[in-house]
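**Student:** Input sequences plus hints: build the corresponding full structure.
2 protein chains.
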Amino acid sequence: MNTDINYQTVVRELAGIETTSDRDRLTKLSLDYYHFSPILTDKLQNKRGDLAVFPTTEAEVLQIARLCVKYKLPLTVRGAGTGNYGQCIPLEGGIILDISKMNQIKWLKPGIACVEPGVKMAAFDKKAREIGWELRMAPSTYRTATIGGFVGGGSVGMGSVNYGQISDRGNLRRVRIVTMEEQPQVIELQGDEVKNVLHAYGTTGIITELEISLAPAYPWQEVIAVFDDFMTAAKFGQALSDSGGIVKKLVSIHADPIPRYFTALQNYLPQGKHCALLMVSEYDFAPFQDLVKEYQGEITYSKSASEALKGTSLLEFTWNHTTLHARNVDTNLTYLQTFYFTLERLEKLYQQAGDEIMIHLEFLRAGDKAVPAGLQLIRYTTEARLNEIIRDREVEGAFIANPHVFTIEDGGNKQIDPQKVAFKQKIDPYGLLNPGKMRGYQKPVESSL
Amino acid sequence: MNTDINYQTVVRELAGIETTSDRDRLTKLSLDYYHFSPILTDKLQNKRGDLAVFPTTEAEVLQIARLCVKYKLPLTVRGAGTGNYGQCIPLEGGIILDISKMNQIKWLKPGIACVEPGVKMAAFDKKAREIGWELRMAPSTYRTATIGGFVGGGSVGMGSVNYGQISDRGNLRRVRIVTMEEQPQVIELQGDEVKNVLHAYGTTGIITELEISLAPAYPWQEVIAVFDDFMTAAKFGQALSDSGGIVKKLVSIHADPIPRYFTALQNYLPQGKHCALLMVSEYDFAPFQDLVKEYQGEITYSKSASEALKGTSLLEFTWNHTTLHARNVDTNLTYLQTFYFTLERLEKLYQQAGDEIMIHLEFLRAGDKAVPAGLQLIRYTTEARLNEIIRDREVEGAFIANPHVFTIEDGGNKQIDPQKVAFKQKIDPYGLLNPGKMRGYQKPVESSL
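If you're matching them up, the sequences are chains S and P in order. Residue numbers 1 to 449, in our numbering, belong to the letters of the first sequence in order. Residue numbers 1 to 449, in our numbering, belong to the letters of the second sequence in order.
Because the hints were derived from the structure by calculation, they are not lab data. It should be emphasised that the depicted structure is a prediction, and the values quoted were computed from it without experimental measurement. Mixed in with the good hints, there may be bad ones.
Just so you know, same-sequence chains aren't split out, so a pair can sit in one copy or run between any two.
Said to hold, decoys possible - Simulated crosslink set (EDC-like; lysine to aspartate or glutamate; CA at most 16 Å straight-line):
hint	residue 1	residue 2
1	Lys120	Glu294
2	Lys235	Asp368
3	Lys109	Glu211
4	Lys72	Asp417
5	Lys72	Asp125
6	Lys109	Asp125
7	Lys443	Asp22
8	Lys369	Asp242
9	Lys195	Asp290
10	Lys414	Glu92
11	Lys195	Glu409
12	Lys109	Glu282
13	Lys43	Asp22
14	Lys293	Glu193
15	Lys426	Asp50
**Tutor:** Now the structure itself:
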């Protein structure tokens, strides 16, 4: 790794491409929402890139890749920086490649679209809905997150109750990437090959184009239903997820006292009740109401799709936005990504939770069924105690995708993917792409460069 | 029950409504596809209605209902007569009410439509697709079957892998029925109340209008894939059903030698192989191909949606059309409707099947997951042996919806539904609607009339 590089030289060689070495901007462009984790905060808060670049075309990306290889500069790709595990934080400095100016929708047709990585998700949907389609899934950071960033660093979101994870076969169809080989080139990955870049934090190529599958767009009614009892609310969530006859997009259940953190929604959240934040097809609202009634729920908020589009979406209180709202009130809170898989396990863990843990669920399709998962809030004390909480849950059979680590393997994947590692060795022989994030990859020793 | 009625009088009093007492037409209008069952054949082949009526409006249905109550005439409602359990066979003669002339689409909008019961399913879809929608599910008799007939006597079909059964909450929204009370009237059932008429064989009111939920219309690619091994084909079927990222509508797996019965498809069905007959979104064809490859399948037939619409759909080789094709070759064959629920149970029963039983599967959503079900073909010997086969399967935990019985309760429901019975007692106090089909209902003694 070249530590003596004069970035003035680099900037000169990148003539025509926008760059910045402004310290404040670099700070902003070096970080993400890692600060939800006190553990990551300690480890990542001082990491900084040395130069940020803003290419607008694949040709410019190629030019940047060539330069990085020439000078052996680390290169970390970044979308909107809405991740939470430091996915785009440059551990070894170097160049930050911000994709936000590569934001063209190349084509859009029923069922499929081709986009540049910097297209923002909500902006994409606005265009796609003109022809009756929308993204199959999107995270709670939908308004600002980019499609490329979600593919590179995300996994699930609203819509996952229908379409599963972005990594499920069929959701991502094709990617073009720029490699960091001795002679950087553009290659295309199709079908199952796209796994090499999915949730790889940009360690396995610089995505310049993506072909994604779409979902038919429904008018999504946004609804809050409240329940006296948490497990009844959870069972309602499972039942709605399993109701083939009721089309939905978001099923998020929040145990009291989490609703207290939703300041903007207090009018709809009676004290002591547990709430469901939901997006349901307007067409199916009548049978949906019957289901709420069956579970003794009460609808306290209901906005048509067109009304909902004007204000803040309920989406922005679910998934990891729940953590955001809770931390706005109490910065001592952190979270754990948890798959409960069954309501029985959930009930057991709910009963054990005490004051230290607050549970919310987001239902998503995992393999053959919709399962309760969620990002439980934790009152943080020490790293040791957090790890104990993780172990206790794992002993009960829950799966924890640990968000307090910054490598791919230590989070949700749990193990080294030899195929991804081999792919990286091939397309990034100098180990320049987002170094330090793929634990399974051993960087070649300096001298061999 | 009035047995001395002079039907000439009835015809006169129905002036303005088309009727027939032509013996050949009455024979045709009295029967359905009950003859797939040798047991039902013995019991039902000689049942005949005395007069068939062809109302075109709800007002005419009311007029017919009044007359039936006045003369205490049995009334049996009939759609296209594509059922298999004698649903519309008039056990006690009387009037056959053919709904086929009540075939108007009242309105059609995104997500929901309102139709008269005699609208044919394929014809409906042709109209609905003009605005991008289609039926959520339809049986293999789709081309001729009516929507009212399916609601009254059917349950599942293509599309059920996504939307479950027609009885699943949300699929049927509202019905209007004419009652057979002392003063027949029109009433509306909404939401969960529609259960009273679902799969009730017309014993609980004469449906005159239905509001149904729709599905977004995809261009459905029709595909045959063949496999060396049946259980691999079955596992592929489960995997496709569970693939959130691949949109599909029909997943039907046929064990060798069933494919031999598909005369028209022989070019695509290599000797000794097991086949999958499939409908998959054209948009998702690429990832679908990857899935076929993963299970070592070979695609031997693939038609785009527009090509498929021109010829015979693969749908017409699945569900109970399989039985039809098999019986065209060997009339000694009959069938059993079987839910296996798991691949483990399927494998066990497949290994026990021998030559007597041939398995095909149609995957459908049942509660929280897609499960293998199907209408296994049976080489018929005796009723006793058939019942033994049923028992053997039930002992293994499979669920058999017995298609060799003609009451609602003895088939799939297995038990008397007190709510349906109470509803019938209220709206049909003389027990005139399709008498003999609801076992839980006791007809009032004659003298009390």
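**Student:** If a hint holds in the structure, say so; if it does not, say that too.
**Tutor:** Verification of the hints:
1. Lys120 to Glu294: The answer is neither: 39 Å in one copy and 34 Å across copies each exceed 16 Å.
2. Lys235 to Asp368: Between copies, since 12 Å is at most 16 Å while 18 Å is not.
3. Lys109 to Glu211: within (11 Å within a copy, 31 Å between copies)
4. Lys72 to Asp417: neither (25 Å within a copy, 75 Å between copies)
5. Lys72 to Asp125: neither (38 Å within a copy, 61 Å between copies)
6. Lys109 to Asp125: Answer is within; shortest intra-copy Cα gap is 13 Å, inter-copy 22 Å.
7. Lys443 to Asp22: neither (30 Å within a copy, 89 Å between copies)
8. Lys369 to Asp242: Intra 8 Å, inter 8 Å, cutoff 16 Å: intra and inter.
9. Lys195 to Asp290: For lysine 195 and aspartate 290, only the inter-copy Cα distance (13 Å) is at most 16 Å; the intra-copy one is 41 Å.
10. Lys414 to Glu92: neither (23 Å within a copy, 68 Å between copies)
11. Lys195 to Glu409: within (14 Å within a copy, 50 Å between copies)
12. Lys109 to Glu282: between (24 Å within a copy, 12 Å between copies)
13. Lys43 to Asp22: Neither: 23 Å inside a chain and 89 Å across chains, both beyond 16 Å.
14. Lys293 to Glu193: Cα proximity of lysine 293 and glutamate 193: across copies only (14 Å, versus 46 Å in one copy).
15. Lys426 to Asp50: neither (26 Å within a copy, 81 Å between copies)
Against the hints set out earlier in the document, violations occur for numbers 1, 4, 5, 7, 10, 13 and 15.
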